[in-house]
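Given next are the chains, with one letter for each unit.
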Amino acid sequence: GENVEQHPSTLSVQEGDSAVIKCTYSDSASNYFPWYKQELGKRPQLIIDIRSNVGEKKDQRIAVTLNKTAKHFSLHITETQPEDSAVYFCAASTGGFKTIFGAGTRLFVKA
Amino acid sequence: EPEVTQTPSHQVTQMGQEVILRCVPISNHLYFYWYRQILGQKVEFLVSFYNNEISEKSEIFDDQFSVERPDGSNFTLKIRSTKLEDSAMYFCASSGGGAGTGELFFGEGSRLTVL
Numbered sequence: 006g007e008n009v010e011q012h013p014s015t016l017s018v019q020e021g022d023s024a025v026i027k028c029t030y031s032d033s034a035s036n037y038f039p040w041y042k043q044e045l046g047k048r049p050q051l052i053i054d055i056r057s058n059v060g061e062k063k064d065q066r067i068a069v070t071l072n073k074t075a076k077h078f079s080l081h082i083t084e085t086q087p088e089d090s091a092v093y094f095c096a097a098s099t100g101g102f103k104t105i106f107g108a109g110t111r112l113f114v115k116a
Numbered sequence: 003e004p005e006v007t008q009t010p011s012h013q014v015t016q017m018g019q020e021v022i023l024r025c026v027p028i029s030n031h032l033y034f035y036w037y038r039q040i041l042g043q044k045v046e047f048l049v050s051f052y053n054n055e056i057s058e059k060s061e062i063f064d065d066q067f068s069v070e071r072p073d074g075s076n077f078t079l080k081i082r083s084t085k086l087e088d089s090a091m092y093f094c095a096s097s098g099g100g101a102g103t104g105e106l107f108f109g110e111g112s113r114l115t116v117l
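Chains as they are written, first to last, in this note's numbering: chain A, 6 to 116; chain B, 3 to 117.
Watch out, some of these pointers could steer you wrong.
[What the hints assert, rightly or not] Below 25 angstroms or equal to it, Euclidean Cα-Cα: the simulated DMTMM-like pairs (lysine to aspartate or glutamate) are: (1) B:K85 with B:E105; (2) A:K47 with B:E110; (3) B:K59 with A:D89; (4) B:K59 with B:E87; (5) A:K42 with B:E3; (6) B:K85 with B:D73; (7) A:K47 with B:D88; (8) A:K76 with B:E46; (9) B:K44 with A:E88; (10) B:K59 with A:D32; (11) B:K44 with A:E44; (12) A:K62 with A:E10; (13) B:K44 with B:D73; (14) B:K44 with A:D32; (15) B:K80 with B:E55; (16) A:K63 with B:E105; (17) B:K85 with B:E20; (18) B:K44 with A:D54; (19) A:K42 with B:E110; (20) B:K80 with A:E84.
Simulated from the structure, these hints should not be mistaken for laboratory data.
For reference, chain A alone in the conformation it holds in the complex (with noise of 0.2 angstroms):
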């Protein structure tokens, strides 16, 4: 079945740097990667998400960019400001019934 690697586990930046998340996954036939925001005890929410036949989207501080070839996509964010603390999570669907999550990436922003 499908597997989402995700990297790293935790990532700490200083404010106004950039961070970059990875993500790996196993199935060719995932077409759908989109990304998930977490913040301590609260749902997660969708911040941005890509298809398969689009290789960067972009969404003012946030971009993701996708290698199929690879079967890689990863997650940008600039200008880091401390809301944006939280846990990160990729995903890829094949486009049947279910969305597979990675690990998970805690991203610490130090003011």
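Starting from the known structure of chain A, arrange chain B on it as the hints suggest.
Relative to the frame of chain A, chain B by itself:
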């Protein structure tokens, strides 16, 4: 803004007891899911539900688990005989886009503690 609601927010139960977790998905969504998150760990897929039947389930979703949509609004997860390892946060989610290709809207979660 419409959202997924879950009850109870926290349930404490004794091992071996039955538990029912309830969810009200967003009203015009067609796809419903249960996920589980053990404290500090990943969000794990349990089951998806579409057109009044289970679409897909994980190996975690064994015979102790069942789901039901008893009416037009509720979506429930039942654990027949709880085990200590069932202690986790259970998230209900729904989506309106095509299965597996749209945003999952999560509820706030139901924290289950099995003693």
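Earlier hints that do not hold, by number = 1, 3, 6, 13 and 20
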